[in-house]
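Student: Going down the list, the sequences are from chains A and P. Numbering of the first sequence is given in our numbering, commencing with residue 71 and proceeding in unit increments. Numbering of the second sequence is given in our numbering, commencing with residue 212 and proceeding in unit increments.
A couple of the hints might just be wrong.
As the list claims (entries may be wrong) - Below 30 angstroms or equal to it, Euclidean Cα-Cα: the simulated DSS-like pairs (lysine-lysine) are: (1) P:K503 / A:K113; (2) A:K233 / P:K819; (3) P:K820 / P:K952; (4) P:K503 / A:K105; (5) P:K565 / A:K105; (6) A:K105 / P:K438.
The hints are simulated quantities; they were obtained by calculation from the structure and are not laboratory data. Source: prediction; values computed, not measured.
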Amino acid sequence: MKPEDVKVCVIRIEGTNCEDEMAGAFEAVGAQAEKVHLKQLIKQAPAGLRRDLEDYDVLAFPGGFSAGDYVRAGAIFAARIKAGMGSEVRRFVEDGKPVLGVCNGFQILVELGLLPAFEGTMSDVPAAALYTNDSGRFECRPTVLRNDSRGKCIFASSIPEKKLLTIPSAHAEGKLLSMDPDFVQKLEDNDQIVFRYVCPDGSPARYPWNPNGSQSDIAGICNPAGNVMGMMPHPERVMTRFTHPDWTRGYISEEGDGRVVFESVMRHLEKR
Amino acid sequence: MSGLMVKRDVPFPLYDVGILSATDEQLEQVSADMSLALSLEEMKTVRDYFRKEGRNPTDVELQSLGQAWSEHCCYKSSKPILKEFVFGIDRDDVLSRGDAGVMVFDDDYGYALRIESHNHPSAIEPYGGAATGIGGILRDVVCMGAQPIGLADPLCFGPIDHKGELPPGTKHPRYLVSGVVSGIRDYGNRVGIPTITGGFFFDEKYTGNCLVNVACLGIVKRADLAKNYAGGPGEVMILIGGRTGRDGIHGVNFASADLTATSDEDSRGAVQLGDPITKEPVMHACFEVNAKHLITGMKDLGGGGLSCVVGEMALDAGCGADVDLEKVPLKESGLAPWEIWVSESQERMMCTCKPENVQAVLEIFEMWDVLATPIAKTTDLKRTRLFWDGAPIFDMDLEFLTGGPVYNRPYVLPEVSTREKERFPELPSDDKVILSLLSDFNVASKEWAIRQYDHEVRAGTAIHPMVGEMNRTGPGDASVLLPVPGRLKGLAAAIGCNPWFTEADPYNGGMSCIDETCRNLVAVGARPNAFTDCLNFGNPEKPERLGEFREAVRGIGEAARELGIPIPSGNVSLYNEAPGGKHILPTPMILGCGLVDDVRKAVTADFKKAGSVLLLVGSTKDEMGASLLFRRFGGEQGAVPAVDIPSLKRKMDGLLKAMDERLVLSCHDCSDGGLAIAVAEMCVSGGVGAELDLSGIDLPCLQKKLYSESNGRWVVEVDGKDVTRFSEIMGGDAVPIGITKGDSLRIKDNGTAVQVEDMRKAWSSPIWDVMGGAAE
Numbered sequence: 071m072k073p074e075d076v077k078v079c080v081i082r083i084e085g086t087n088c089e090d091e092m093a094g095a096f097e098a099v100g101a102q103a104e105k106v107h108l109k110q111l112i113k114q115a116p117a118g119l120r121r122d123l124e125d126y127d128v129l130a131f132p133g134g135f136s137a138g139d140y141v142r143a144g145a146i147f148a149a150r151i152k153a154g155m156g157s158e159v160r161r162f163v164e165d166g167k168p169v170l171g172v173c174n175g176f177q178i179l180v181e182l183g184l185l186p187a188f189e190g191t192m193s194d195v196p197a198a199a200l201y202t203n204d205s206g207r208f209e210c211r212p213t214v215l216r217n218d219s220r221g222k223c224i225f226a227s228s229i230p231e232k233k234l235l236t237i238p239s240a241h242a243e244g245k246l247l248s249m250d251p252d253f254v255q256k257l258e259d260n261d262q263i264v265f266r267y268v269c270p271d272g273s274p275a276r277y278p279w280n281p282n283g284s285q286s287d288i289a290g291i292c293n294p295a296g297n298v299m300g301m302m303p304h305p306e307r308v309m310t311r312f313t314h315p316d317w318t319r320g321y322i323s324e325e326g327d328g329r330v331v332f333e334s335v336m337r338h339l340e341k342r
Numbered sequence: 212m213s214g215l216m217v218k219r220d221v222p223f224p225l226y227d228v229g230i231l232s233a234t235d236e237q238l239e240q241v242s243a244d245m246s247l248a249l250s251l252e253e254m255k256t257v258r259d260y261f262r263k264e265g266r267n268p269t270d271v272e273l274q275s276l277g278q279a280w281s282e283h284c285c286y287k288s289s290k291p292i293l294k295e296f297v298f299g300i301d302r303d304d305v306l307s308r309g310d311a312g313v314m315v316f317d318d319d320y321g322y323a324l325r326i327e328s329h330n331h332p333s334a335i336e337p338y339g340g341a342a343t344g345i346g347g348i349l350r351d352v353v354c355m356g357a358q359p360i361g362l363a364d365p366l367c368f369g370p371i372d373h374k375g376e377l378p379p380g381t382k383h384p385r386y387l388v389s390g391v392v393s394g395i396r397d398y399g400n401r402v403g404i405p406t407i408t409g410g411f412f413f414d415e416k417y418t419g420n421c422l423v424n425v426a427c428l429g430i431v432k433r434a435d436l437a438k439n440y441a442g443g444p445g446e447v448m449i450l451i452g453g454r455t456g457r458d459g460i461h462g463v464n465f466a467s468a469d470l471t472a473t474s475d476e477d478s479r480g481a482v483q484l485g486d487p488i489t490k491e492p493v494m495h496a497c498f499e500v501n502a503k504h505l506i507t508g509m510k511d512l513g514g515g516g517l518s519c520v521v522g523e524m525a526l527d528a529g530c531g532a533d534v535d536l537e538k539v540p541l542k543e544s545g546l547a548p549w550e551i552w553v554s555e556s557q558e559r560m561m562c563t564c565k566p567e568n569v570q571a572v573l574e575i576f577e578m579w580d581v582l583a584t585p586i587a588k589t590t591d592l593k594r595t596r597l598f599w600d601g602a603p604i605f606d607m608d609l610e611f612l613t614g615g616p617v618y619n620r621p622y623v624l625p626e627v628s629t630r631e632k633e634r635f636p637e638l639p640s641d642d643k644v645i646l647s648l649l650s651d652f653n654v655a656s657k658e659w660a661i662r663q664y665d666h667e668v669r670a671g672t673a674i675h676p677m678v679g680e681m682n683r684t685g686p687g688d689a690s691v692l693l694p695v696p697g698r699l700k701g702l703a704a705a706i707g708c709n710p711w712f713t714e715a716d717p718y719n720g721g722m723s724c725i726d727e728t729c730r731n732l733v734a735v736g737a738r739p740n741a742f743t744d745c746l747n748f749g750n751p752e753k754p755e756r757l758g759e760f761r762e763a764v765r766g767i768g769e770a771a772r773e774l775g776i777p778i779p780s781g782n783v784s785l786y787n788e789a790p791g792g793k794h795i796l797p798t799p800m801i802l803g804c805g806l807v808d809d810v811r812k813a814v815t816a817d818f819k820k821a822g823s824v825l826l827l828v829g830s831t832k833d834e835m836g837a838s839l840l841f842r843r844f845g846g847e848q849g850a851v852p853a854v855d856i857p858s859l860k861r862k863m864d865g866l867l868k869a870m871d872e873r874l875v876l877s878c879h880d881c882s883d884g885g886l887a888i889a890v891a892e893m894c895v896s897g898g899v900g901a902e903l904d905l906s907g908i909d910l911p912c913l914q915k916k917l918y919s920e921s922n923g924r925w926v927v928e929v930d931g932k933d934v935t936r937f938s939e940i941m942g943g944d945a946v947p948i949g950i951t952k953g954d955s956l957r958i959k960d961n962g963t964a965v966q967v968e969d970m971r972k973a974w975s976s977p978i979w980d981v982m983g984g985a986a987e
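Chain A on its own, in the form it takes in the complex (with noise of 0.2 angstroms):
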């Protein structure tokens, strides 16, 4: 698949604040991305505006606080899509084809099941939530994250292993936990944990480097399958050198860290 024929869906609700970066990031990697409210996915739109989740190449769900986040981060947007499309997201994930979702976005993966999806697709209730940070407070600030991924996730693909990418976080519900005591292992034994949290020398964190009490450090993990990813920080902030929070004081690449995010996906779709 040549890169300008990739079809992202950047999907969003009210509240939903990173769209125009998310699509954005994106199109700076060549794909064709859409904002496309989800309204538009179900039917609820004038038929000019209707849109199938089939005729797209990667589904995205960026950063906010949609719904105002009011009853648990990414709940009510998560509920609406499994009442609306749940079906075409299932059978979307099946087809192998990518889903990203970014802070918000990878609490409305964790409320839908889609992660860590343990057993199957999708599981019918959340195996983990995305718990308030151990700060209590909304941490905006650099990040630094290590790629752990042993080659099952598209989305690290491209990305050396344990590779160190300064990539931001903002959010105040960050905090990967579950009631499974094996959860960790499990997502190690299947390849699944993404990013983790380190200092800048890639020692084990310590916050705020990990910003959010996150149990062993975890910032991002995908599906057994690999085409599933979540993650806390936003890669597609830091698409540029400059708007890294340090550049000033030195860079050796105009490219911005969470770039390879994006291309790693597109090299995977160029394969296929």
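Could you slot chain P onto chain A? The hints should help.
Tutor: Showing chain P alone in chain A's frame:
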């Protein structure tokens, strides 16, 4: 209620108010009973008008006048002074002076800027007050057709560690700070606009009346720049967004009077409720109808609600309007017509369009699940007429209604602080002074607040509010945005304000605010391009307060005019007085915007390495008046720093040229605490010490060299190999003051040494310690 009010025989609450034959006493009584806040003279003018009309007014009409003629809406005390000094600084890159100012950004885009106050609501209900402040300023930018791209929130409070009694009816500063920051965080973050800069100013004088100023920047394709008024008669007015309720009734009147001990109980209804999740789709839908050129104008509903927006949109187009008031969607039933007409319920906008486009406009709002209701038509009669189910309830001449009174109130010029009367304080050793100044709440790290605000959403933040090593950052001077994805042109924003200077010497204080704003912008490599100002002052009916206002505005206006920098938007907030008549520090808050041609050449304040040469740009004078040193250690009087615009211009040009040639490694302006604190902050953010030798500064007293807050100065770090070229560009304006070196700040003149880590601790912890939840 006075016996003059006669219920009209209609199936809804409507009163005729018998003022035609009312006595002076009765007129005053009507104004008080109806909370109109109109003076006797104003009531007499109203009576004369209705005598000519040959009938008594309805309660809706009187309420409408109370709104339109409030200080908040018609600037009746401030307008003559603004006209004299700040209006009319023209330049051909001013694209609009509408609800927000709009300036040329590049050939294709304009940028919008606006600041306003939300002081009184925030003093009563800090969370809701601040949140709705953000909502309001966003709408001002949206109705220019501009996508908001950055928020800035300068805030003033009493000391957060205030101990002992508070004035009656006053809330503790710590509570107010916590509520206001949460309000800004929850609204700004939810609506997805980065909060990129701001400021905290702490002083006892703000204890009874905090200031919450909110500013917003936007970006708009020049072809899509919207108007804030109708296109002509025969158009339809469509009310967009939230429903109308009883929240926010008489907000403008509340904003146009001093706070009292019982403001909390009396005026809680004047505080509106915000809803960012309604706002977000409202913005999207407004941009869509505007970009498709389906509408002729749009305007937000702010102070005065419908009563102001309908008249202004019609009159500015030379029209009038007929309104079917019963069509306004309500939050609850049973609102009287006057309440609907003046309610300031949030998240509402009005747009005008040609009748043939109504359907297309409504469909777009429907797609976004945003309520949109045609409620009025523009007419070729310059009158506003209101109907309730067809029955006339309001019929007034628009020019009379929106004209409002103008006052040339008496003022006295303030006595200013002088060098002759200066008393220099006893000081401990300089290492202790430096640590003490760094830990002053006005200097100390604001990270506690900054990191609760998403300052990166929209992925356009190039220079962040905190700079330096990641997670060991120090203070920046200005933030820089990349407004147009894919382009490297930057838009910088910085706040400049020194209320202490302004109190001690309003004229020089006003000028200093402009100087500081310019310094902050230039420090990151931005050429100052436009200002927007929020003038927070006390009760203009007190001649001393009005004198301060006049002198400060004169200073701002003269400085901006000489710089040739326009002020395309602004806001005045008077009556900032605490219960018992204690006035605030006079606070002219300036937001400056600057352009960065190539963001790759932008500069930050953190020292970049050891072994660089440090230079001080600008001359240090014996100007200790109202300095942080004096405030902290009990100095008295002293000359407030003056401003020399020709020299400022020359230094700005030089620095920008040096930055363009990439000669500047880091740059920081000298403000609170003077040269010493500027260097200390650069050490903290860069994680490198410095060795200073200040013998090159032409001033006899070392402490004055260190702590004078003379304007027009920057500390600059330059690589040794570039010093010759830098000095060539700067001429005599730059003097070497030392090098970066080691892990402490050393002052060779008297052997002072302070560890960088000790300075970091002194600077980092004070606000965390009080606000709680400090990082480990």
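Student: Now tell me, hint by hint, if it's right for this structure.
Tutor: Status of the hints after comparison with the structure:
1. For the suggested pair K503 of chain P and K113 of chain A, the alpha carbons sit about 24 angstroms apart, so the restraint of at most 30 angstroms is met.
2. Between K233 of chain A and K819 of chain P the CA atoms are separated by roughly 25 angstroms; this keeps the pair inside 30 angstroms, and the hint holds.
3. Proximity of K820 of chain P to K952 of chain P is assessed by CA-CA distance (about 8 angstroms); at most 30 angstroms being required, the pair is judged to hold.
4. Distance restraint check for K503 of chain P and K105 of chain A: the Cα-Cα separation of roughly 17 angstroms lies within the 30 angstroms cut-off, and the hinted pair is therefore satisfied.
5. Between K565 of chain P and K105 of chain A the alpha-carbon distance is near 29 angstroms, which keeps this suggested pair within the 30 angstroms criterion.
6. Between K105 of chain A and K438 of chain P the CA atoms are separated by roughly 27 angstroms; this keeps the pair inside 30 angstroms, and the hint holds.
Every hint, counting from the list given before, is met by this structure.
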